[in-house]
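J.: Residues per chain are reported as follows:
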Amino acid sequence: MRRYAADVAVLVRKDLTLELRARDTLPAMLLFVLSALVVFHFALPAHSSDLAAKGLLWVAIVFTAIVGLTRAFVAEREQRLIDGLLLAPCDRSAIWLAKSLAVLAFLGAAEVVALPAYAAFFSGIGWSTVAAVALADLGIVAVGTVLAAIAAVSRARELILPLLFLPLAIPVVVGGVGASVVVSPGRYLGFLCLYDAVFAIISWASFEYVVTE
Amino acid sequence: MSTWSRNNPLTALAVLTTALLGASVVLIFFYAPVDQDGLNQKIFYFHVPIALTSYACFGWGALKAFLHLWKRLPSADLESYVAIHQGVIFGAMTLVTGSIWAKVRWNAWWVWGDEQLVLFLVLFLFYCAYFMLRFSVDPGPQRANLSAVYALFGVVLIPVSFLAIRLANSYIHPTVFTSSGPQMATSQFATFCVAWAAMLSLAYFLYRFELAGKRLDANLRELRELIT
Amino acid sequence: MTSQEKYVAAAYLVVFLFVLAYVVIMAAKLSRLGRDVAELTALARERKARTSDQAPKQVKVG
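Chains A, B and C, in that order, give the protein sequences. Just so you know, we're using this note's numbering here: the first sequence kicks off at 12 and counts up by one. Just so you know, we're using this note's numbering here: the second sequence kicks off at 25 and counts up by one. Just so you know, we're using this note's numbering here: the third sequence kicks off at 99 and counts up by one.
Incorrect hints may have been included.
Said to hold, decoys possible - Pairs of lysine to aspartate or glutamate, DMTMM-like flavour, derived with a Cα cap of 20 Å: (1) C:146 to B:249; (2) A:25 to A:102; (3) B:238 to C:134; (4) C:127 to B:246; (5) B:95 to A:219; (6) B:127 to C:103.
Think of the hints as simulated: they come from the structure by calculation, not from any bench.
Isolated chain A, as found in the complex (with noise of 0.2 Å):
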């Protein structure tokens, strides 16, 4: 168990680092999710509620997610640290852990700035929405780091991650936004933990079969 911790922690520790020094994809997610912000104030017609905008954020959230997870796998296919990562003696499923837990990292960097921004754009955001955030974004990660892996190998590469990922978006996106609008958010923030849980869970254990022949 903790050789397993251990594992996760030197894959994490390698992810950031990379991003740290090629500072490509997080500064990218930033730029991605202010710009998408400034496009739905121009897509929002007069006189369209509040409730409205809530609901172009969580879009927002998702398509930063997609761009920041279509990097995930890029340098381990380009440069073939695939198969290293898979000829080291660790269990594949900590590959997807940390993976997950490095993406998770840029995303929740990315809503740092996107959520202050949205409340000074829009209107301001409650404590249901940021902890329906949190959530999400868990499932969210843990979801698309698999499905991620499975674009690297198929040639489509880029397009087809989006194509993959937002049906499996779509109960994070109900979650979200239910929890951002209704007055009383519990069942929409259980929800979301059921599908962190279920979903987690599947990542975990079918990732092994993504990366392996």
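Given the structure of chain A, go ahead and fit chains B and C onto it with the hints provided.
T.: Same frame as chain A, but now just chains B and C:
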């Protein structure tokens, strides 16, 4: 009779399917009473069995996918693919018949309030992506693995999505429409069961038919390689 | 026909057309497979003719 049907499974299935479909159409139009909803309720007898058959196909595909990953059965990947193909075909039929039914009942080609229909739309998108994935990876064990994992994600998505759509209806649309009417009379239920059996038989027949075609294709390709 | 009857007929027709389309596609595939089999049979015949030509001639001994 049983030896003949064992030796000619496809023909036997085709006969069974024709018989069941014929019987169900006769029952639907001549036996089942006209519902208070009107004649349009007759669509229900095909629409719901097609939807249930589609779920069954996706479930069967996921089962075969699981068997591929766990037991490494050699034919499981192809069977999973064909089952999901049938599921998408029946899913498309569900969406079209459901849309026609919505037009009759509520005068709109699409109603977001019909939870079953929205669920099918989400699943249809998901499994179309399955085919995009399969066509963008070269054939081989890796493609089989990726397809199997995605098929398992799909079957998990079905209940989660259904819950999500149900939850969404409380902040999107306050009223909920139901696909099937109120409690069915016995004669209606019997007709429904026959129609359901007919659809399952049709799906299974098409599944075996397509599998036979694909296996024949593979054998021919191998034969070609052996000869040239 | 009333409009309700038209819609019911349309729904059943759609199912029929889907299955028919499937049959058409399978028929096309079957004819392609038939062509392939014919081509392979011709190749096999050719091959047999070639190898029987190259078979060593029977020579009387003794």
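J.: With reference to the structure, classify each hint as holding or not holding.
T.: To see whether the hints hold, each was checked on the structure:
Taking the CA atoms of residue 146 (chain C) and residue 249 (chain B), the gap is about 16 Å. The hint holds against a cut of 20 Å. Distance check on the hinted pair: residue 25 (chain A) and residue 102 (chain A) sit about 17 Å apart at the alpha-carbon level, within 20 Å; holds. With a CA separation close to 14 Å, the supplied pair residue 238 (chain B) and residue 134 (chain C) stays within the 20 Å bound. A C-alpha spacing of about 17 Å is found between residue 127 (chain C) and residue 246 (chain B), which places the hinted pair at or below 20 Å, so the restraint holds.
Among the hinted pairs, residue 95 (chain B) with residue 219 (chain A) is consistent with the structure: their alpha-carbon atoms are about 15 Å apart, no more than 20 Å. Under the criterion of a C-alpha separation no larger than 20 Å, the hint pairing residue 127 (chain B) with residue 103 (chain C) is consistent with the structure, at around 13 Å.
In this structure, every one of the numbered hints holds.
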